[in-house]
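Throw the hints in and build the complete structure from the sequences for me.
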Amino acid sequence: MTETITGWLFDLYPNETNLTVWLIGEEGRRQRFFQDFAAVLYAAGPSTLLRQLWKWLMGQPIPVHLSRQERRDVFHGTIPVLSVEVLQPGKVDQIFREMVCAFPELSWYDADISIPLRYMARFDVFPLARVRLELRDETILRISPLDTPWELDPVPAPLRMLSLEPDCDPAHGETKELVISYERVRYSLPLEKAAALLVSLRADLRHYDPDVILTCWGDAWLLPRLAQASTESGVALPLNRDESQPVLERKEHTYFSYGQIVYRGRQTQLRGRWHLDQHNATLWGDYGMQGVLEMARVTRQPVQEAARLSPGTGISSMQFITALQRGILIPWHKHQAETPKSAMDLLRSDMGGLVYQPTVGLHREVGGVDFVSMYPGIMVRFNISPEVPRAKNDLEPTEGEPGIVPLTLAPLLNRRLALKSALLSMGKYDCRRPVYQALASAEKWLLVTCFGYLGYKNARFGRIEAHEAVTAYGREALLRAKEAAEELDFEILHMYVDGLWVHKPGCKTPADFETLLREIAERTGLPISLDGIYRWVVFLPSRVNGDVPVPNRYFGVFQDGSIKVRGIEARRRDSAPFITETQLQLLEILAQAPDADHLKEVLPRAQAYARKQLQVLRNGRVPIEQLLVAQKLSKELTEYSAPSPAVRAVRQMQAAGRAVRPGQRVRFLFTLGKPGVCAWDVPGVHPNPHTIDLPRYRTLFERAVRTVLDPIEQSVKGGVEAECLYLFPQPCQGSKTFARMVGEQ
DNA sequence: TTCAACCACTT
DNA sequence: ACCCTTGGTTGAA
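My numbering applies: residue 359 is where the first sequence begins, and numbers increase by one.
The hints are simulated quantities; they were obtained by calculation from the structure and are not laboratory data. There are no misleading hints in this set.
Okay, the calculated beta carbon distance ranges per label pair:
1. ARG684 <-> LEU837: 31 to 37 Å
2. GLN917 <-> PRO1020: 40 to 46 Å
3. PRO421 <-> GLY925: 55 to 61 Å
4. ALA1017 <-> ARG929: 28 to 34 Å
5. LEU1030 <-> GLN984: 17 to 23 Å
We treat Cβ as the ideally placed atom computed from N, Cα and C, and that holds for glycine.
Following this line, the structure appears as structure tokens:
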């Protein structure tokens, strides 16, 4: 007796003998099923060794199916392999470890691919895919997808969410209460009365049966704490929906991504239910739940994994899916202890992108023209992939079988283009807008990283020549764009890697740029778009040498009044919120001018605002959190040779028993006297507001204000009284002078 | 005053 | 162990 049901694929993991698969049924039931699933891996090498391996495997207790096959290796063509089919998916890692030990000389393929990823590739499904199951009792006989990860508006799964939120950041202060909320329920309980809390929470879990437990600081703090309380008090807390499985812990780790060191705290994963910690999810800040689900869909990683995925892992898993589905072998990589060159290092060292010197100052009626996902676009159009042979300096589209990289990228790129064009045509207040924006930004990361991986020596599908071909065409495309613009009498104000800023008197509607865009698209074969038309844009000079332009510090206002800011204080994550806020507010005021000619009318308001904010600062009325500076620790404390403010703050934290790992942020305040900083995340220590180093904050404040106002004032000079040019007394460097100025009030 | 060390941004 | 874009700031020599 078989039956068929449909629903959303929710969770998936190996159990003792086969796989557990959770489904959210069409009609809303959460159901657990089981499915037989064999994981296949391959060994290649001398036939005698393969024969020995065969014999060795026959003597193992773990059941396997063995066969000789021919498979395709990306770099070596078709090779003979021994196929090892492990019938108990949960045992793959164990048996593989033993095989490598016994036969270290053999080459291994498809060996370190997670079970969920193998499953997703085999059945072409993904987390929250709509699927049809053919069942016999609790056993899945067949699973087939009803949609693809590339739907723009997938039918949303009816997820039940329960949120757990302590009343304050446990890293910083003393948490007393836990706020529990779901649907229309919301209440809080003291954390101290553990038994009462556990009983209540258990009742909620049983009664509401959430799919998602959404927490703040749940990974490293709340859930471990609840688990411990549960053990101590004897009150069981069934966080897992699958009570036959233990709660899973993923260890903290630090990795490089795009020239940055990144820290991921430990993670607490559930089975049959998701736990998502908003403060420990890679993309949560910018994209929220939608971003995490999108990441899971396109990378096909389980949702809890997707939540803390690095873009590199994300793009790798997409390539693995492509390879698995096409029968291309995935080489096994030992994890070498060497420090990998980051993708960003490569981008820098081979001077990948073309960079131009902008014309410093304020410009009006400027078109921002961007290639959309330029590097991925190049890889797809020119079939750039490690296994596809290339003639040198060949800049023409190639014929033939698309390679792994373009095959992986094409749907992602098309999706991003589709999202972008949907965004262009939808109204400003369309409710899908924020979602689409979140999806587009989430994918941008994957696309950008894919290019980096092409030149990354540890990537399994990398090749430096392919990487160079991409940057070479990128430079060529930008130059062709420049030529096209100049032939159409546009003035080139600036070019940067994949975008250019152009001006032509009278060109201020999208229609005025249409010919240019079409011409560039035609000459380069790459998708191009109008990022927007600026009412005005300012390219900043170097601060060290005021005559020299810098390519990536600018700000401007588009015709719809929205603001674009790059490289300046407000974009730096080590700026205090008060500084960022002031700078962005200044820009908001300036954005009220309908065009550059009206800047002189709004400038006095901006100046008055700056003066007001300065007063707030001087009077000590800025909330202390607004003055917090956050910096990322780039290495172990012992590796530092200079006692930078961040290092001094970490020392304070260490003295209080708080460890900080590389990649973690250190929050601190600048204070008067030695050591000049006060670490924020030291429990029980509350900095005295009177010791705040106001002069220092004032310097930072004025710097940020001058970045924005100086160029505007210069451009409207003549029409404005001279006294307006200097908002503040001349900047003073010595702290004594500052102390006097702050004291004078 | 100079300079090495350090942080962050650009995509 | 090696190389390391840019701009900018900080604190010690």
